[in-house]
Structures are given as C-alpha cells and as structure tokens.
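Q: Chain by chain, the residues run as shown.
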Amino acid sequence: MKYIVIVGCGKIGKELAVQLSKTENVVMVDKDLEALNSLGDDFNGKKIWGDALDMNTLNAAGIKEANSVFLITGNDNLNLVVGKVVKRKYEIKEVSLLVNDDVKRQTFQEEGLTIVNRTNLMVGVLKRSIT
Amino acid sequence: MYIVIAGAGRVGLVLAKKLKEDKHQVCLIDKNSKLCDTLAKELKKILIISGDATYPDILKEAKIGKADVLVSATSCDEDNIIICNLAKDLFGIRRAVAIVNDPKHLPLYKYMEVDNPVDSTSIIARIVEEEASFTDVMTLLSIKKGRLSIVRVDIPQDSPVVNKSLQEISLPPNSVLVSILRGVDIIVPSGTTRIFPGDEVIAATLIDVEKDLIKALIGKI
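Protein chains in written order, with this note's numbering: chain W, 810 to 940; chain A, 3 to 223.
No wet-lab data here; the hints were simulated from the structure.
There's no promise every hint is true.
Under the rule of at most 35 Å between Cα atoms (straight-line distance), these lysine-lysine pairs were calculated in the DSBU-like manner [unchecked claim]:
hint: 1; chain 1: A; residue 1: Lys106; chain 2: W; residue 2: Lys896
hint: 2; chain 1: A; residue 1: Lys90; chain 2: W; residue 2: Lys840
hint: 3; chain 1: W; residue 1: Lys855; chain 2: A; residue 2: Lys112
hint: 4; chain 1: A; residue 1: Lys65; chain 2: A; residue 2: Lys147
Here chain A stands alone, though its shape is the one from the complex (with noise of 0.2 Å):
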C-alpha cells in the first residue's frame, strides 16, 4: 500500500517507520525543513517532503492522489482536520485517519467529518488506568459506536462464581466470557473451565447487559 503521513512528530515517525519494515510505500510531510533534512538522510527508503501539508500543493507532490491510506498526525488539531478534509474533497483519498492532541476537540472532527479520528490522549490514559488496575472492573475497548463492550473483571473472594464451572454459572443473554487470565496463563474457556479468586476475566458483553454481566461475575456493581 502507499501511505501518506502528515506530521513527523513521535507518532508519525514512529509509524513511518514500522510500515516501512511491513514493506509498505511511505512518505512523511512535515512543516520542519531542518528536521526533514536530517530524516531524508536517516531513512533513505522513505519519501520525505518538506513544506505545510494543509496546502493542496503539498498534498499533491506527495501524490496523495494514488495514496491509499492518508494518516493526518499533526501536534495541530486544526491542521489535521483541514488535512483530512482537503485529501478527501480534492484528491478523493478513500480513507483518511487523523490524531486527536485534545480531547477537548474531538468534537470538531465529527462535525468535520474526519472519518476516523484517534484519540490519542484518551487512549494512553485508558491503558495507564487498566495498567494500574484502578478498580475490578474496566472497559478495554467499545465497538461499533459503544454498543459492544470487551470488559475485564477481577473475581474476588466472594464472589457468586468463584470455584464454579462455566456450565454452572449463568450469564445474562448477549454476553459470553472470551478468556480467564489467571497468573501468567490464558485460558481460552470451556463449558468445565472453573472460575477462581484472583482470576481476571475478559468478556464481551451488549452495553445494555453489562451492568448484569459485571453483577453475576462479583455479586454487586
């Protein structure tokens, strides 16, 4: 595939490089001649240009028309969504993501209609929460607009399920267990596959049963 990259920043450089090695094309914009001087040296298989890519000029030496993929990873909010937006009107580019620097903007993206904005800041503070497990429960990642959650929870002594088998224990509809990390190990769960304290459980679950699911696995909310 080719792929456009807007901004050389940590993100975008970052990816640059690791589409590189998937052997994909790759070009990099960024506004920082000197700093694309210093990369066209560094990464000799990757097409560097040097100007402001919310200027269809810029776009077009970048050949943005033949790009399949358009990644907008500006440290400007503004200017990702401007990027996203020329790349689609002018150029027609089928799929464009951009990076969001600020929560407080990602309102503007949708209303913009940028596709397939990442909300970078959210998501590194999702991680670190899940990383210094905060609580029992959490949500690891919603789907289709937060209808379909994944959830992980921590099985505590007391609960309903504990030392019970999967055949024993009934869920509310529309949620089922995908996975019981216990230690280092994963299980991947069968009908026999006992449930015990300390055990972190994946599911996924309908949002409007989560509240069930989460009820059943620790016996309150």
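Chain W extracted, bound-state conformation (with noise of 0.2 Å):
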C-alpha cells in the first residue's frame, strides 16, 4: 500500500481521495472542517484539519512517510509554494499539483514536479475527441 497525502478537499480532491482510499493509505489535509466533514462514508483514511502553510500541519498528516503528495487547492500559489517545499525538504518523489496559470506552471516547473493546468488538459482531450 502506498502512503499518499492530498492537500485540498474541493471536487477533484474528494473524488481521488474515494478512489484512492480503497486501495491505498490516504490522508486528506484541507482547512476547512466542513469539506473535510463532506468526505463521507466512502472514503477510507485519514482526515487532517489545518493549513497546509503550517510545517506543523504537514508532519501531523505524515509527509515525511509519504510516496506520492498532490496539491489540488483551489490557489495555485499555496499548491506551488507547499509542492516544492516538500519536494524540497522532504524528497518526495512524486508530488502533483495543480496550477492553472501557464506562466507560473512553466517558471516553476522543476524535475519531480508534476504540474498539471485544467485548461490545457481539457483543451487536450477536447482535441483528441476530433481525430
């Protein structure tokens, strides 16, 4: 089983930490009690209510163990500044986030970041639909 921390628990966050959760140690960190609260009966793991800026709130949530991290808030600042400090502090080796401004995904992408902008990927699949 691998040990996966997910940092924001909009939609695209409670979805992966359902679908995760039922094969794999999931722990879901978001700020907001209620979202947290939202997850429901299907998920199955662990739920961390703090702010992910928070050093504190990181190692409560396990980072350090971690094989996989994802960043899906809805601030594309917050998912870039925590994605490369852990990357950097605690050499994750897969850490995912989601930043929606091409600019800022190309000016701090580094190696072992995947970063993802929803725009592009569904401009993708929106093309691939029309070969």
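Two chains, two separate frames, one set of hints: put the complex together.
A: Listed below in structure tokens is the structure:
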C-alpha cells in the first residue's frame, strides 16, 4: 500500500481521495472542517484539519513517509509553494499539483514535479476527440 | 531608487508614502481595483497598478526589471513567496524583501529562498514584550543569524556592579557595554562611568558569552 497525502478537499480532491482510499493509505488535509466532513463514509482514510502552509500540519499528516503528494487546492500559489517545499525538504518522489496559470507553471517547473493545468488538460482531451 | 511594493495594506501603504517623502520613485500594486482608484486620486506621485502581483504580466507592467528593490507586503504569505520568486527568477531583481504574516509560515520563506523575510508579527510581539518589561533581561536585536545580540539588562539593587565604575568591572571577553539608560538620560559610557541601581544597560555580546555577561551584571541568571 502506498502512502498518499492530498491537500485540498474540493471536487477533484474528494473524488481522488475516495477512489485512492479503496486500495491505498490516504490522508486528506484541508483548512475547512466542513469540506473534510463532506468526504462521507466512502472515504477510508485519515483527515487532518489545518493550514498546509504550516509545517506542523504537514508533519501531522505524516508527509515524511509519503510516496506521493497531491496539491489540489483552488489556490495556485499555495499549491506551488507547498509543492516545492515538500519536494525540497522531504524529497518526496512524486509531487503533483494544480496550477491554472501557464506562465507560472512554466516558471516553477522542476524535476519531479508534475504540474497540471486544467485548461491545457481539457483542451488536449477535446482536441483528441476530433481526430 | 525605484521601489516596487506589492500589497497596499497598512504596511505597504505607509511604506510607499514614507519612501515617496524620501524622494524615491515608488510603484504600488494591489488586487483591489476600488482601493487602487481611491489611492490613485489621493497619491498623485505614486504609480498605482491594479492587479494581482503574482502574475508576471503585472510585475512587468510595474517595470520590475528596472526596480532596485521589491517589497512584497500582501496579507497572503504564499503570494509574497511567489512574488519574490518571480521577481528574482524572471526579472533578476537584486533585492526582494517580503513580509511574513504568520510566523508559522516562516520556514516556507526559507525553503523558497526568499532572502529577506520580515516576520512582522514576531517583531511587534517583541516590541510589546520590551515595552511591558516582563523581564530584567531582554534581547533587543540579534544579528548575523543570532550570533551577536544586543541586550538590555535592568540593574537590580543587589547587582555586583552597583556603584562601580566600568574600569572596576570585569566583563566576559567578546562583550561590551554600549549605553546606559538612566531616567531620560542616555549615557555613552567611559571607564569612569558608574552604574547605579535602576539603570538600564545596553550591551552587545556574542551569543556564547551572553549568560556570563548577564551573570556579571545582575549576579544571577
């Protein structure tokens, strides 16, 4: 079983957490308690309520042990900062994050970071549908 | 100098006005367009840009490439970090200073290589602590990553240095008395200056002998 930390309990985060928690060890981090509670019974993992910019929260989520970290809050800048810090400090192998601005995505790109841009992704999928 | 300030909150605004008074060129960026409209009318000599400074386009509009210093003073710590990173990586700014809103976020500034984080909350807390005088000994300033401290020591009645002149007092090596505050007087001491109870002594000391210095001045720790 892999140990996976997800930061951001929005639509994508929730779906990802529920699916992954069927087979993997998942921890969900969010600063909004209601969002965490909305995960429901389908989620089979741990919830951490706190500020992801605070190292104590990341430590409580067991970030050191994580095989993969996902940063998918609606805040590009938070995703970038936390993503880069966990990559540098804890040398997590797979760090994936949502960044919706393309210039920022390119500027902050570094080895081992998977930066996903929702618009690019959608455009790619839609373009493929016409071939 | 040309200075770009991101964030027209209390700190950003006061700083912008102050720098303008000192005849610097100032550009102030803020996300809040209404606030920017008001500021543009009020502060005619400051360039006001309405926009999100975490976007490179906005920084470019502020001519950040020509700036001598960037100050990132938004109320969002992640934004301050990103703004400093962009200014450095994309525009090669020489000096970037950022406000830290929540001291818990300070480690992130360090990992993200923001060279000059200013932890405003901790600074204010320290000033309040100093003003309230909770203790006889107070570190006023620490320099060079904490290796050198400037401390303030209140001299009690039973201190071993009371009524002695400085040349009679032996202080640990690598420490020096800088000033004596007595009531409203500020004394820069010489060898014949005497220390009295109730004096506040300002001393500079290397961190490894700080305890010895305090012991020499108040007799205990």
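Q: Look at each hint and say if it fits the structure.
A: Hint check:
1. With a C-alpha separation of about 19 Å, the suggested pairing of lysine 106 (chain A) with lysine 896 (chain W) holds against the 35 Å cut-off.
2. Among the hinted pairs, lysine 90 (chain A) with lysine 840 (chain W) is consistent with the structure: their alpha-carbon atoms are about 30 Å apart, no more than 35 Å.
3. In summary, the hint linking lysine 855 (chain W) to lysine 112 (chain A) is supported, as the alpha carbons are separated by about 29 Å, within the 35 Å threshold.
4. A hinted pair counts as satisfied when its Cα atoms are at most 35 Å apart, and lysine 65 (chain A) with lysine 147 (chain A) qualifies at roughly 33 Å.
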